[in-house]
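Asks: Letter by letter, the chains look like this.
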Amino acid sequence: MRAILTVVGKDTVGIMAKIASLCSTHNVNIVDINQTVMQDLFCMIMLCDIDKIKTDFNSFSDAAAELGEKDNLSIHVMHEDIFNSMHKI
Amino acid sequence: MLNTKDILETISMIQDENLDIRTVTMGISLLDCIDSDIDAACNKVYDKIVRYAHNLVPVCNQIEKEYGIPIINKRISVTPIAMLASACQTSNIVKFAHTLEKAAMTVGVNFIGGYSALVQKGFSNGDYALIESIPEALATTDHVCSSVNIGSTKAGINMDAVKMMGKAIKKAAELTADRDCIGAAKLVVFCNAPEDNPFMAGAFHGVGEADCVINVGVSGPGVVRAALSKLDKSANITEVADLIKRTAFKITRMGQLVAKEASSRLCVPFGIVDLSLAPTPAIGDSVAHILEEMGLEQCGCCGTTAALALLNDAVKKGGVMASSHVGGLSGAFIPVTEDAGMIDAARSGCLILEKLEAMTAVCSVGLDMINIPGDTPAEVISAIIADEAAIGMVNSKTTAVRLIPAIGKKIGDELSFGGLLGGGPVMRVNTGSPEIFINRGGRLPAPLQSLKN
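Here the protein sequences line up with chains A and B, keeping their order.
To convert, note that position 15 of the first sequence is 14 in numbering that gives the first Met the number 0; the numbers rise steadily by one, no gaps.
To convert, note that position 52 of the second sequence is 51 in numbering that gives the first Met the number 0; the numbers rise steadily by one, no gaps.
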């Protein structure tokens with residue numbers, strides 16, 4: 000299964016490093032990254048392969064949300080299909 | 000990879016515009032639980048519901064987590080209980096309501112619907128017993144919802160049932176007067192009731208349905224309003240309709256995805272997606288605000304019926320292509336106490352009962368969640384039901400009445416139910432007496448299906 004991880008928030012040093020480290024800890028493979036900084040708002044979208052995840056999906060998603068709260072970022076992990084179904088016919 | 004703009008749009012719909020799945024409703028047939036002994040029947044009912052639905056809430060919670068889309072309600076609808084009651088050799092059938100309540104508590108659902116009777120053409124013994132027991136059943140349970148179908152385009156309107164339901168609504172409110180008359184908020188009277196409706200209080204599992212199905216109701220008035228707010232004020236009505244269609248398509252695709260996923264994880268066939276725009280009392284989740292965004296000063300002013308007709312039609316047109324099976328009520332809901340914009344309009348006097356009645360001719364339900372003075376006579380309530388049913392019968396559409404007589408309160412006082420049911424002011428009702436008309440009873444003949452004008 001592939002998931003989309005989105006990060007939106009104030010741009011600071013080390014956001015990418017923290018997210019990448021989170022993925023690596025859970026054995027989540029990063030497939031693709033798309034990132035922009037609009038004014039000083041950091042906006043990143045990451046496509047991840049979570050087939051070989053070490054823990055379950057819920058704990059990965061909770062850990063991401065927790066990381067977001069700590070650093071004042073909005074982080075969401077959602078199944079890829081929700082975007083596919085809404086935007087592709 | 001997906002377009003960044005699309006991904007952020009979906010997230011903003013969920014985070015900022017209250018997009019959610021309003022309900023995943025499991026329909027369960029209880030026809031195989033019929034027994035002449037009410038205790039045996041109740042045991043079978045409880046066992047079957049728990050056996051089929053024990054995984055419903057955990058599976059929905061998991062889908063919610065994985066897809067990041069809130070599923071607000073998990074519900075169950077069952078075969079109209081009057082059918083089971085007909086076989087029982089007892090006239091007190093409240094035990095069925097208590098069994099449904101116990102089963103709902105065990106599996107953890109928000110509501111269970113189907114304490115219902117279909118009496119559009121006439122009554123069986125079970126139908127009488129059920130209608131008589133509705134006020135007590137609703138007063139002694141928290142999760143059970145009740146509905147009665149009193150008319151249809153094919154059968155006409157059962158005026159004896161109309162008379163009985165006026166009294167039942169009033170009694171349901173009286174028995175729960177200490178809890179803001181909530182009993183009446185769980186009771187709806189239908190004309191042309193759909194058999195696969197996932198929304199409460201009117202959900203029941205029709206006899207033509209499979210043994211068990213998953214039906215999903217989508218929501219999203221906030222998303223439609225937000226989309227319209229970005230449209231230029233000089234855009235013409237065709238552009239407005241097109242934008243609503245596009246938005247409804249996206250909302251429904253998400254409903255279809257959740258329905259498919261829930262159905263496969265629960266190993267239960269997928270029934271339908273109900274394409275309804277269901278408001279909540281939360282700010283930014285109002286159907287009235289969509290109408291206002293189209294250019295009305297306040298919901299209820301002249302132009303409201305036309306704007307609602309456009310909205311209702313565009314929601315259906317956009318949604319139909321997004322789902323493989325569409326059903327239920329499908330359209331825009333206008334429950335007064337559940338919609339922040341309608342509550343404001345009712346308080347200011349811009350929205351009145353007569354205008355709401357006109358609006359029901361072009362939208363998907365009827366006079367829904369309207370607080371009326373507690374001293375309104377039962378005959379007047381019956382006459383409102385008859386009027387509303389006539390609109391549904393003649394126009395071959397579903398109409399419904401869910402009125403809450405506010406016992407001990409006057410026009411302008413407020414009732415508060417909390418949660419999704421919201422709260423709002425008591426509205427004025429025309430109190431001219433229809434007593435003789437209602438007391439005649441009998442059957443109002445079905446309309447012609449040709450010579451339509």
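Some hints could be false.
Residues from chain B that face chain A, not an exhaustive set, calculated with beta carbons under 8 angstroms [stated by the list, open to error]: (1) T3; (2) M253; (3) I406; (4) K408; (5) K409.
Computed far set for chain A versus chain B, every beta-carbon distance over 12 angstroms [as the list claims (entries may be wrong)]: (6) K17; (7) T24; (8) N28; (9) I44; (10) D55; (11) V76.
What follows is a set of in silico ranges between Cβ atoms, one per label pair, in the way DEER data are often shown [said to hold, decoys possible]: (12) A:I88 / B:P268: 40 to 50 angstroms; (13) A:T24 / B:G107: 29 to 39 angstroms; (14) B:D412 / A:K69: 43 to 53 angstroms; (15) B:N60 / A:I88: 54 to 64 angstroms.
For the record, the hints were derived by calculation from the structure and aren't laboratory data.
A virtual CB, placed ideally from N, CA and C, is assigned to each residue, including glycine.
Asks: Do the Cβ positions of D412 of chain B and K69 of chain A conform to the proposed distance bound of 43 to 53 angstroms?
Replies: 48 angstroms, holds
Asks: Using the nearest Cβ pair, does M253 of chain B come within less than 8 angstroms of chain A?
Replies: 6 angstroms, holds
Asks: At a threshold of 8 angstroms, is the proposed contact between T3 of chain B and chain A supported by beta-carbon distances?
Replies: 6 angstroms, holds
Asks: Is D55 of chain A truly not at the interface, in the sense that its beta carbon sits beyond 12 angstroms from all beta carbons of chain B?
Replies: At roughly 10 angstroms from the nearest Cβ of chain B, D55 of chain A sits no farther out than 12 angstroms, so the non-interface label is violated.
Asks: Assuming the hint says 40 to 50 angstroms, is it satisfied by the Cβ distance from I88 of chain A to P268 of chain B or not?
Replies: 24 angstroms, violated
Asks: How does the Cβ-Cβ distance of T24 of chain A and G107 of chain B compare with 29 to 39 angstroms: does it lie in that range?
Replies: 33 angstroms, holds
Asks: Regarding the assertion that V76 of chain A does not contact chain B, is the least Cβ-Cβ distance greater than 12 angstroms?
Replies: Per Cβ check, V76 of chain A is inside 12 angstroms of chain B; nearest 7 angstroms; violated.
Asks: When you look at the beta carbon of K17 of chain A, is every beta carbon of chain B farther off than 12 angstroms?
Replies: Given that every Cβ of chain B is farther than 12 angstroms from that of K17 of chain A, nearest at about 20 angstroms, it holds.
Asks: Taking C-beta pairs only, is N28 of chain A more than 12 angstroms away from all of chain B?
Replies: Consistent with the label, N28 of chain A stays out of reach of chain B, its closest Cβ about 14 angstroms off (over 12 angstroms).
Asks: Report holds if the minimum CB distance from I44 of chain A to chain B is greater than 12 angstroms, and violated otherwise.
Replies: The assertion about I44 of chain A is violated, with a minimum of 5 angstroms to chain B.
Asks: Once the shortest beta carbon distance from K409 of chain B to chain A is found, is it less than 8 angstroms?
Replies: 47 angstroms, violated
Asks: Hey, does T24 of chain A actually stay past 12 angstroms from chain B on C-beta?
Replies: 19 angstroms, holds
When each numbered hint is compared with the structure, violations occur for hints 3, 4, 5, 9, 10, 11, 12, 15.
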